[in-house]
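Build the full structure now, drawing on both the sequences and the hints.
There are 2 protein chains.
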Amino acid sequence: MDEATLRTARAGHLGSGDIGTEVRVAGWVATRRDHGGVLFVDLREASGVVQVVINPEEQPDLVDLSHALRDEFCISVLGSVRERPEGTVNPDLATGEIEISATEITVLSPAAPLPFQIDDRSDVDEVRRLEYRYLDLRRPRMAANLLARSRAVGAMRSTLADEGFLEIETPTLVKSTPEGARDFLVPSRLRQGSFYALPQSPQLFKQLLMIGGVERYYQIARCYRDEDFRSDRQVEFTQLDIEGAFWGQDQVFDALEPVIGAVAKALRDLDLGTPFPRMTYADAMARYGTDKPDIRFGMELVDLSEVFAATGFKAFSGVLQGDGLVAGINGGGLGLSRAGLDGLVDRAQALGAKGLVWMVVEDGGTLRSPVAKFLSEAEQAGITERLSAEVGDTLLIVADSVALTRAVLGALRNELGQPEGHDELRFLWVTDFPVFELVGEGRLVSAHHPFTAPVDVVEMEERPETAVSRAYDLVLNGTELGSGSERIHDPETQARVFKVLGISDEEAESRFGWFMRGLQYGTPPHAGFAVGIDRFIAILQNEPNIREVIPFPKTQTGFDPLTRSPGPVDDPQLEELGIDLRPGVRAALEDEETPE
Amino acid sequence: MDEATLRTARAGHLGSGDIGTEVRVAGWVATRRDHGGVLFVDLREASGVVQVVINPEEQPDLVDLSHALRDEFCISVLGSVRERPEGTVNPDLATGEIEISATEITVLSPAAPLPFQIDDRSDVDEVRRLEYRYLDLRRPRMAANLLARSRAVGAMRSTLADEGFLEIETPTLVKSTPEGARDFLVPSRLRQGSFYALPQSPQLFKQLLMIGGVERYYQIARCYRDEDFRSDRQVEFTQLDIEGAFWGQDQVFDALEPVIGAVAKALRDLDLGTPFPRMTYADAMARYGTDKPDIRFGMELVDLSEVFAATGFKAFSGVLQGDGLVAGINGGGLGLSRAGLDGLVDRAQALGAKGLVWMVVEDGGTLRSPVAKFLSEAEQAGITERLSAEVGDTLLIVADSVALTRAVLGALRNELGQPEGHDELRFLWVTDFPVFELVGEGRLVSAHHPFTAPVDVVEMEERPETAVSRAYDLVLNGTELGSGSERIHDPETQARVFKVLGISDEEAESRFGWFMRGLQYGTPPHAGFAVGIDRFIAILQNEPNIREVIPFPKTQTGFDPLTRSPGPVDDPQLEELGIDLRPGVRAALEDEETPE
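Going line by line, the protein sequences match chains D and V. Per this note's numbering, residue 439 is the first one in the first sequence, and the count goes up by one each step. Per this note's numbering, residue 439 is the first one in the second sequence, and the count goes up by one each step.
Keep in mind the hints are simulated off the structure, nothing from the lab. It should be emphasised that the depicted structure is a prediction, and the values quoted were computed from it without experimental measurement. All the given hints hold, so there is nothing to weed out.
Calculated from the model, a selection of chain D residues having no Cβ within reach of chain V, i.e. all distances over 12 Å:
1. GLU695
2. ILE733
3. LEU876
Derived coverage of chain D by chain V (criterion: at least 3 residues anywhere in the stretch with Cβ under 8 Å from a Cβ of chain V; other residues may be distant):
4. 546-559
5. 593-601
6. 651-657
7. 921-932
8. 962-972
9. 982-993
What follows is a list of derived Cβ distance ranges for each label pair:
10. D:PRO857 with V:SER539: 53 to 63 Å
11. D:THR712 with V:ARG520: 31 to 41 Å
12. V:PRO523 with D:PRO715: 44 to 54 Å
13. D:ASP721 with V:PHE478: 47 to 57 Å
14. V:GLU495 with D:THR712: 41 to 51 Å
15. V:ARG620 with D:ASP440: 29 to 39 Å
16. D:ARG508 with V:GLY878: 38 to 48 Å
17. V:PRO715 with D:GLU945: 57 to 67 Å
Positions of the beta carbon are idealized from the N, C-alpha and C atoms, including for glycine.
Right under this line is the structure:
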């Protein structure tokens, strides 16, 4: 086989300059149209589409074959390039001025009847698309996404290489940390009873590279997360991972902004303004009710506690006396019916609020609201002023614990104001994250991860709930693209963080002893970041989910409909690994097995 | 933390142009020398090394601190750049004309006593190096290897991107194929009793990309192989994987040669001549006794069957009557003693030969050999002529089955002639590999893999032992760098190959049904290749094994001495996965557990 015998030209590159030449092209039958015996075939390949004309009067030899052609046959066509007849030029097509008059056609591979049309307009069930992903990838939209992704990572790499970063591969068969649940495990055959884990990130290895003197590292790293069902996540995903020695936050931002900019340039031809705006976590929570604000629109949260400091309205005064928060947003001219407004109340309650107060600004500035009669004129004026309310605006007020008020208003704000899609790109650094967050019954966990440097170690020990760390996130249009931090670079601070987290010395040794030992040998200060590539590309491509930018994704439960994976394995394989299915699992599998 | 407070200049970039300026540098204490109270510190960082001078008379404040400094402390130094005193210039060091006179030193991180010296001259046990890999990576040789690897993959990527290849990520949690032993398995938690596998290569996914219309794909892909102990392999390894639609062998070679050339240019500043020479598998076996000839030296195998066609020497005539082969090599002027020659005989027998005939060409051209008396003059003249023997040469002759004669002479040839190291690079394409090889008791297995196109399907079915495929290897200095082939692109041929391999329809369906379905939808002819990156870089860096060019390698049994991985996991984790250790394994583990 030789490409020259299959094609001498690329279909999508032909134009009026080629008129009169004989060419051979190869590709797939995208469409066929029979116009009074003359067959028009759109031949599609990676470079584009060209029209092939098969005229039975000119080429009687091709009649039988042209009748046999079906959609998605892979063919090679010899013919002459000619101008399209007047009135048939297609300005939407790069090759729309010309066509190929076929003199010879070879079917390289026929195609069985298709499970769905290869057509961006067709609306196919996603599982079926994944089952035949190789056909789905022929759709122009998916082909564009693959191309965009390749260009994006290329732009990342060349930007980083120009800045002297080394691309370094870290292992993916790593240590399993017994207490760190939700690693994927890989049983060892040569050491039965022992397991590797697949990495959730290269975090500790990249820190070891800093200890190893690398100074500027990056990697496009495959990572793994065995999570329960959660929307728009994948069991394996890809991140741009970077780390720098002698770095602080500013060096991370300075390194990443050009990388992000290069990707935006490559995919959107956009020149992003830099530096990106920065906002502290505390500000983000107060003004947007979330640590990932979408700053493409306003509708900021406004603290109304002062307005209601002396209110007689029990629902508000009670909350304020209990250290709660009364806050509101100005939803603008929503023009909702009473039923629509009640729907917002239902939504707020579904989000956990006890209730939601709505107010509509009437002509003359009076507030129409079920609670208006409980509020003084001064309070009503205060609301109007603080929320910059104008006639026709709908105001939404929540009174609850600080966290809940912010969370509910932040969610309502997004639901009411967030633009569709991602035509505009607004990046934001959110900085000064807390060291810890409280989960369950007051248990402290790391807000980022336990290798994040606290701003003040004593504060971290004495007031862990409010202590601030040197961690930061990058947010794009209300989506967290990634996070990073300055890292702890001395073993003592690291040990003190483990202690506040309630990790015993024994546990710290068994999970991280190997890493803590490394910290003892002249560890440079260092900092880094990881950007979720799947999500970043999905946003840039205006795709609703990351599966659209992953060539062979799995479903949200980690299943691959194409290969039907994961699947059963033979008992001898398990025996070699020294493992067995638990009896209940084995029984359930055997029950499932039905003859096909 | 801010880099500007830690360093304003890069140590290795300082030179005489900086004399008189004040700089701040940061890095590691590589060496300390006390010359009469004046301390000389070599400060090392990624950019290079600079000498720092701490003079107690000039800087009394620094005395205590300078005494506390130890090797591999991470420090930041403020000082002025000055010319070195006459006679102390170090021409071996890029910064050897200058030194920094320190005025302020900050210890960023102290270092505990080192397990070994960070020094290319020190000869440290490899397991210990791996246990403290982060220190080992500080050695200039290892730092150079990391840099070289990063540059090499960068050169690969940019060459391929310029040629319009898309970099596409294929999954690494893939289908386990029950009969395909030695996949690493990953138990699924959400589907207990089901398993993913880690891919041995992206083979089928890259073929699906061709079906998907990608046309030019590449990936630097992590692959996994659960092998028994075998020298210089890793459980996870990296390959450059490429594939092209409408391609044959020539397109693969045309695509890869510039990639290989770009790497040689980047790491060796070499301009490789292209095209690389090509040799068929049959020629390689006949001339070099191996499918991966080292063509840096001659000493080719010479078929002596004609010389001995009518010989009276039973050892040879018996072999020839039994369709065997008598062949020899001219080892040149080895100058071996009788004991040395006998050693070669022992070696040949260890390699499986029944014996080895040696002959030394004496002055006057007579052959000294234990068997000379059994050979006619014509035969002796024939040997001399065919082997171009000259006075002093040692000739080695083996008479055995064709395969064994070639294997033994090929091995002896390498042992006698192969140059040390890899100063010279000689690439070679070996083409036209057989479709199958025979293993065990005459069972056929794919020589490459079962997706390789046979040259002739009927020949493949009728004479499978000798049938030729469209497969090829790339060989560098006698090492196989990688292999590739034209692929089967129609389901019927694929089914016929499976049939010859003795794979039943049911087994083909269960293992590869998902892939065979894909072949039905207009699959373009396609071909591709995979280059083992670890080995390629190791050779270019003149390293004796691939672990030297892998940042965090495992031992040959798949163990990581740094993290002590693989390791045990908790029972609740196994329970979540629906698996358990087999009783014998669990008992053995419990026996092992000793209180520390």
